[in-house]
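My request is simple: use the sequences and hints to build the entire structure.
Going down the list, the sequences are from chains S and Y.
Per my numbering, residue 1 is the first one in the first sequence, and the count goes up by one each step.
Per my numbering, residue 1 is the first one in the second sequence, and the count goes up by one each step.
These aren't lab readings, by the way, just hints derived from the structure by calculation.
Quick caveat, the model's predicted, so the values are computed rather than measured.
Taking CB as the label site, the calculated pair distances span:
#1 Y:S36 x S:S95: 54 to 62 Å
#2 Y:S293 x S:D210: 31 to 39 Å
#3 S:Q147 x Y:E316: 35 to 43 Å
#4 Y:D288 x S:V139: 21 to 29 Å
#5 Y:T199 x S:A209: 28 to 36 Å
#6 Y:S36 x S:K91: 55 to 63 Å
#7 S:V139 x Y:S293: 31 to 39 Å
Under 7 Å between C-beta atoms, here's a sample of chain Y residues computed to sit facing chain S:
#8 S172
#9 G174
#10 D202
#11 V203
#12 T204
#13 A207
#14 S273
#15 R280
#16 P283
#17 V284
#18 I287
#19 Q290
Beta carbons: idealized from backbone N, C-alpha and C, even for Gly.
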Amino acid sequence: MTANVPGLASPLLVVDGLVKRFAASHDLLGRVRGRVSAVEDVSFGLARGETLAIVGESGSGKSTLARLLVRLTPATAGRITFDGIDVTAAKGKDSLALHQRIQIVFQDPYASLDPRFSVGRLVGEGLFHSHMDRASRRVRTIDLLEQVGLSASLIDNLPHQLSGGQRQRVGIARALAAEPDLLIADEPVSALDGSIQGQVLNVLRALRADRTLAMVFITHDLSVARYMADRIAVMHLGKLVETAPTEQLFARPAHPYTQALLSAIPRFGRGGGARTILPGDAPSPIDPPPGCRFAGRCAWRTDLCDRVDPALLPEVSPEHSVACHHWRSIDVDAVAAAQSA
Amino acid sequence: MTTLGAVDAALVSDSPPTPLLEVRGLTTVVDGDGWSAAAVDDVSFSIGRGQIIGVVGESGSGKSLTALSILGLVAPPIAVTGGSILFEGRELVGLREREMRRIRGAEISMIFQEPTTSMDAAFTIGDQLVETIRAHRPVDRRGAEALATQMLDRVGIASAARRLRAYPHEFSGGMRQRVMIAMALLLHPKLLLADEPTTALDVTTQAQILELIGELRTDLGLSVLLISHDLGVVLDIADRVVVMYAGRVVEETPSASVAGSPSHPYTQGLLASKLSLRHRDRPVTVIDGQVPSLRHRPPACRFEPRCPNRLPKCGESEPELADVPGAERLLRCYNPSPWIEP
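Here it is as structure tokens:
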């Protein structure tokens with residue numbers, strides 16, 4: 001199948017039919033007994049300078065997707081193409097170039113920075129590709145720290161002397177040092193206190209503004225996704241269930257799962273409509289059923305859903321795709337009214 | 001959710017003059033190597049019967065230690081050094097461990113963020129529930145199992161009798177939290193202390209658990225102290241909100257007025273940073289700086305270094321937590337400004 005990339009003439013990144021399965025367990029002879037389908041037939045594209053948010057809950061496969069994009073784990077099937085380079089097969093020079101051009105920021109700023117290294121060294125390492133001398137490295141490091149809102153006086157500090165928000169900004173500065181074309185941000189604010197999250201979001205938002213850096217922003221939080229992204233892809237149990245430009249997704253959420261996620265956003269005591277409470281739990285990604293993976297929790301389920309897995313198709317609008325047999329019969333207006341209340 | 005307001009009003013007007021729990025001037029001190037600091041500093045609030053009180057604060061605010069202090073679960077180098085905790089008129093501070101043990105679980109119960117750490121992975125859910133019941137009540141195993149099944153059923157676990165044979169790892173995170181709530185409610189306590197009960201859960205599961213806590217309050221008349229870093233979670237189901245910052249209560253007010261018009265600059269900052277996410281064309285509203293560490297708290301108002309409204313006197317003396325005239329609200333601030341929604 002071809003990637004569903006509406007309106008992208010020359011995408012920077014094309015993900016096509018990406019699959020990642022893990023062995024869930026082995027029997028006595030070491031044969032695989034069950035397979036976790038972490039990422040299943042995921043396709044999307046990303047334009048230069050665009051920010052795409054991948055939204056999903058735990059077990060949705062969003063972090064596995066991030067790891068596939070930066071080649072921290074090999075794909076089981078499918079293809080990732082970055083600026084014409086086949087990411088999954090890249091070797092030698094291409095591989096080195098990808099290391100520099102695709103960077104990642106992790107969720108936990110306490111685990112992702114080596115505690116023995118100073119801020120200057122941590123950020124300076126990102127300049128590996130530049131062949132700068134010591135003095136110009138230091139100048140560039142200070143530039144980068146200032147770009148993420150950190151004082152140059154922190155350059156000799158160790159990670160434990162920094163707050164969570166400062167650490168996360170060091171992580172961003174280090175990623176930026178490589179002058180990437182694509183930044184993968186895997187839950188970059190979810191480990192931070194509420195009053196600190198905004199500091200990091202504002203740094204990432206400023207990066208977005210100059211439109212040279214593309215971003216894949218991975219989050220469980222739809223309100224953060226709305227703030228950061230041009231487009232949102234909702235992921236559920238390894239599959240994309242809905243993709244749309246941000247405002248279209250909020251104005252007309254088509255997939256029942258997206259609707260439930262939207263309804264679960266706290267409304268800060270404003271009351272409003274009844275919220276959608278999903279029954280039961282997300283099913284296990286180990287040997288998932290053949291039909292729609294959301295069917296077990298869905299109010300609109302029919303026999304068709306149990307038999308046939310719905311494809312992600314641009315049916316709502318050319319830019320707005322949904323993977324649901326019944327999205328047309330769901331009373332979206334009622335759902336939207338409950339949201340805006 | 002909308003009906004809870006009415007229920008609350010009825011409960012408040014009918015509630016007896018003594019609240020279920022009254023915390024007055026609670027001070028819990030951490031002793032370090034050559035220093036000591038009050039992690040919970042002169043904290044007061046009360047909980048009526050059938051009320052849900054939310055405590056909001058970021059890491060280091062002292063909100064979890066407040067709950068642990070109520071249950072007498074602090075141990076050196078941490079100790080309750082002052083104040084009073086009256087539960088149904090009975091003083092809990094200084095109570096002997098033997099007597100405290102009778103209250104824990106039976107009168108006041110607690111649930112935590114990560115349910116797995118409060119369960120024994122080597123025993124079935126049934127074993128753990130039965131053990132809890134039989135430690136406190138003179139029933140045989142069969143009778144205890146019946147009670148356990150009933151309670152699992154009450155918290156929304158399907159085929160409860162069969163699930164008694166399951167081990168903790170066989171449950172999902174949301175189901176484990178339900179089991180944990182069932183375990184906490186087995187002995188029909190009057191008060192549930194819930195410390196970040198939904199933080200480790202997905203948003204759709206969080207919505208389920210909050211719904212369950214609201215139902216238990218309505219059906220069983222349970223009182224709940226709901227502790228969370230997430231203002232949205234607390235405003236969702238609490239009747240009143242206590243906002244803590246660096247060991248101090250800075251604002252206490254009905255939930256509806258926090259949502260409508262938060263008064264303390266810190267509360268305003270927390271709410272504004274969430275609400276400002278709706279405006280894609282503007283930067284997020286940010287509270288500058290960071291929460292001070294236990295050892296380096298500002299001398300006067302603890303929020304002063306981060307406060308957009310600070311006056312010279314805010315750095316000289318700390319304001320009292322005082323009644324706001326004409327409002328059901330307590331506020332600790334010299335210079336509150338009107339709330340402007342971002």
